[in-house]
Amino acid sequence: MIRLLWLIPALPFASAAILMLFGSRLSKRWAATLGAGSIGLSAVITILVAISFLTTPPAGHAYTQFLWTWIDVGGFRPQIGLYLDSLSLVMLLVVTFVGFLIHVYSAEFMSEDAGFSRFFAYMNLFVASMLTLLLGNNLLLLYLGWEGVGLCSYLLIGFWYLDPANGRAARKAFIVTRIGDTAMSLGLFLLFTHLGTLDIQNLMQRASAQWTTGSFYAVTAALLLLGGAVGKSAQLPLQVWLPDAMAGPTPVSALLHAATMVTAGVYLIARTHVLFSLAPSAQLAVAVVGACTLLLAGCSALTQHDIKRILAYSTVSQIGYMFLALGVGAWQAAMFHFVTHAFFKALLFLGAGVVINALDDEHSIFRMGGLRKELPVTFWTFLIAGCSLAGLPFLTAGFFSKDLIIWDAWSAQNGHPALWIAGILGALLTALYTFRMIFRVFFGPIGIPVTKRPGFAMTMPLVVLGFLSIVGGYLKQPLLDFLHSALPATVEAHAGVVTEIRSEAIAAVIFLIGLYFAYLFHLQKRNLADVLVANPIGRTLHDWWFADWGLDWIYDKVFVQPFIWASEINKSDFVDAFYAGVAWLTRWSYQELSRTETGRVRWYAAGMAAGSVLFIAMVVFK
Amino acid sequence: MILVWLIGILLIGGVLASFAGRWSAQLPRWISLIAIGTDFILAVIIWAGSAFHGSRPWLDEVDCNWVPSLGIHFHLALDGLSLLMLILTFLLGIMSVLASWTEIREKVGFFHFNLMWVLSGIAGVFLAMDLFLFYFAWELMLVPMYFLIVIWGHERRVYAAVKFFLFTQCSGLLMLIAILALYFIHHRTTGVYTFEYSELLGTKLGGAELWVMLGFFVAFAVKLPAVPLHTWLPDAHTEAPTAGSIILAGLLLKTGAYGLIRFVVPLFPDAAREFAPIALGLAAIGIVYGAVMAYSQTDLKRLVAYTSVSHLGFVLLGIFSLNQLALQGAVMTMICHGLSTGALFVLVGGLQERLHTRDLGQMGGLWAVVPRLSGAALFFGLASLGLPGLGDFVGEFLVMLGSYRVSIAATVVTCLGVLASTFYALRMVQRAFQGPNAHAWKIPDLNPREAFMMIVMIVGLLWLGFFPQTVLNTSAQALNNLQVQSPVAALWR
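If you're matching them up, the sequences are chains A and B in order. Read in order, the letters of the first sequence are residues 0 to 621 in numbering that gives the first Met the number 0. Read in order, the letters of the second sequence are residues 0 to 492 in numbering that gives the first Met the number 0.
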């Protein structure tokens, strides 16, 4: 069974190719069947492979499938080969399963779109690239998947290409993530040059054999890889692309920009955790980036009006949690949060898609309201996912995974009270912005009337994901145990005043505080929120957070505008001026010299005499 | 003898096409297609059989006296490197004929005469192993190309053609001086007058080595082109007819790169090593400069032309990194750039035929009108920005992997150039194909002929992206043999 592994990425690839070539001739029904069916088949094969992996574990709890030698030049020998261990298996299961649900949802969501088959072609290509990213046994193949998902993200954000704003968002996403990728590719050069391979397992072995902890190359390599991860996972300072990426169709936001693609950075760091363990300062940087991102993005989420942008900032913030976990060495906790986040955040986006569709493309939560009765299934599932995101204590998946991270931020070897406090504050922000959104959208007086209700293909994924958003939490121990063969367990070092129970209790209290204030400002006394921003400080803060801490503005002034200016000013290529000068000089001297051709004998005789004198003088006075 | 035929078929075909043009416009097209197609098939047959030749230095060779008193031979020889370049030449030759099928309507016979004679000159450059013959072929490329631009070109064709001619001719004369210097110095040390490549290898030049090398280098760097010798290129590429642009970008530039690999480094290993830091710097600057320049262009053809400046920088970087990885990457980049840029020129030519403009400002929203053409343009745009899975990525990655061990600074700058390639490629796609169709264009999508060309090049780039080893093996053999013959062996490890 496990030999079928290669089919998991191959099926979506094949389906994407068929849809691209013949999509325009396929009926929508066939395009949807092919698009969703290929992912469904991949999911089934993944489950079969997982069963085989669990019942008869391969030697060393890892299975490598060699397909062909990609390149073989001067000792550089990357393969097209797949590597399956518990880490990639968990990610595979989530990507194929959630991916399948979102494809089913899309079949209805996109049913009236003219670019229906193109949409499924891109989505399939995305899933295929994502699976390649997860399964690649070397960093170059991983990089292929990495750039592939970046491309699909670009194509899907700009899917509705007629609006230039969507194109701008798409390019921004591609370019900003590619800035990270540039760092990452330098990391690959460094790793290969010093360790002589890009095969991940060999690389990790050689790194720990050749490099001491904290050595310069280890730190540099880890930081360069972190650059790639920060770009793809939308962390500080490259998070600016993700909120704009919401220009794409909502299923895209659910699949790429919430559940799967944006967690690629988390996967990369977990995959190369040996390297990061060798580079404590780089690992600290991961934790700090995560902590800062989760706070800053949480603040921004609190000020947005657009339901999708709220969710986007929330995603940035939650991935911040995962980075925090990676940074303190709680590798398994990061993966656990990835799993639960994939469930509840995909659900939130799909729910938001239903709402936006129902209200005739309305995005602002302040014009929505009272949808509780109008869209009951969406309401309940959205509520479950929201509770999971905010961490409703002892019941939801999100609570278990997030509190594990918060606790590890305190107790793990690299933990620090400051990181713990950041995690707790982040939990407060999460509860606030989540319930702000829920109260505004589903409670209160009815805003815009509902014009469209979701069918079975759209509600079914909501229900399934809602179920998982709760049940997922009880997978905690089995999942952590299963991951143990690929990722080391967290080393607990600090305990002291805060114990695990106390940490959880504090988080629970924080959740209730957040819930209460959200209730106060957004349900009970709705004008209170306006009072807060009425004073100058509140106003400034609000605007600052709303504009993502002004980073976009800074980047525009420091990088974008100067680049365009430099390019425009030299549009006609100043180098050419030199050659034009040579040409001009030639023409000028021709004109000047041709004046001597006067046709007068006297003039010529004088010239000859002067020349003779000159030559004689040269000979005499040599 | 097959090598003589490879060139001869083109020369004869050209003359035939020229005469046939008197009776019919269609006939020269078919003659060219058949002639170049025959060459292509012959080259592929040689390639298919090449694996069995083992370690012989040449896959095939023709050597006879031409001017014995001066030591001039008619010496053609084929190794893996030449073979790959020849296959590229004939493939793009076919593409040029197909691209001109409806575009060229005047003096069709003479057009195809020039087309085939340029190709034969290029084939000669890739095959000649006698420096005199090489120079002869080098000059043979020039004149027909000049005619192609000046007769069938666009608005500023005369300016562009003269500029192209002057740049190439001046630098070519420098090379002639260098060849003669090498010839006489070789005679002084050995007493033998010869232009034979294999005999000139290892000539002790002493203090003159750097200067002689520079003579060659400048000629090749102009063709490549290396910044700041590149300014003929945007004009020539933009003003040439589509076929001319394909040949210029896909092939003529490669003759410069080929010259560097075949002659400059093996003949002058010490000088090359001494000069390498400057070459690496020029390469890195060129990569960034070309990409930045491409970004602001509004003439689509000019934009693509500047991307060539950027991509050929990788080739220069790869060659002067002086190691196997980077050199293989350079060869790979040469081939893939030929396909991807050639295809972009085909597309731009197709667009110009339909819209009668190349101005990006006049385009927009074409995706809805011509989805296949737009999809193809996106594909080659992505190839241009180095998307993994396509051939260009393999080449550029190998080059940077190799250059990293030589110069981290140059590699970092190059990485910024790769980043900048994203800017221009996405801008091109956005401005031409996305956004609203403000000018309400209604134009036909790719016709079967164009679709065929696109499919060939798309499949080619995907093949090179996922199975590059098929090509890398061929060039590896050649580059290994190159090392055996030349004292540069130690360098290219």
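These aren't lab readings, by the way, just hints derived from the structure by calculation. Treat the numbers as computed from the prediction; the structure is a model and nothing was measured. Check each hint, because a few of them may be wrong.
[Said to hold, decoys possible] Quick list of the computed label-pair ranges, beta carbon to beta carbon:
1. A:G454 / B:I442: 55 to 65 angstroms
2. A:R594 / B:Y158: 18 to 28 angstroms
3. B:I442 / A:D112: 15 to 25 angstroms
[Unchecked claim] Which chain B residues stay away from chain A? Per the calculated CB distances, all over 10 angstroms, these:
4. E60
5. P67
6. E138
7. T189
8. E195
9. L386
10. T410
Ideal Cβ positions, reconstructed from N, Cα and C, are used throughout, including at glycine.
Over 10 angstroms from every CB of chain A: does E138 of chain B meet that, or does the non-interface label fail?
holds (22 angstroms)
If we take the beta carbon of E195 of chain B, is the closest beta carbon in chain A still more than 10 angstroms away?
Answer for E195 of chain B: holds, closest chain A Cβ roughly 30 angstroms.
Please check whether the beta-carbon of L386 of chain B is more than 10 angstroms away from every beta-carbon in chain A.
Contrary to the label, L386 of chain B does not stay out of reach of chain A, its closest Cβ about 6 angstroms off (not over 10 angstroms).
Would you check whether the claim that T189 of chain B is not at the interface survives, using Cβ distances to chain A and the 10 angstroms cut-off?
Non-interface label stands for T189 of chain B: nearest chain A Cβ at 34 angstroms, farther than 10 angstroms.
At 10 angstroms, judged by beta carbons, does T410 of chain B keep clear of chain A as stated?
violated (6 angstroms)
If I take the minimum Cβ distance from E60 of chain B to any residue of chain A, is it greater than 10 angstroms?
holds (27 angstroms)
Quick check on a hinted range of 15 to 25 angstroms for I442 of chain B and D112 of chain A, using CB atoms only.
holds (24 angstroms)
Starting from the range 18 to 28 angstroms, see whether the pair R594 of chain A and Y158 of chain B falls in it by beta-carbon distance.
26 angstroms Cβ-Cβ, so the 18 to 28 angstroms window holds.
Taking 55 to 65 angstroms as the hint, is the beta-carbon distance of G454 of chain A and I442 of chain B inside that range?
Violated, at about 39 angstroms.
The output says P67 of chain B does not contact chain A. Does that hold with a beta carbon cutoff of 10 angstroms?
holds (41 angstroms)
In summary, the numbered hints that this structure violates are 1, 9, 10.
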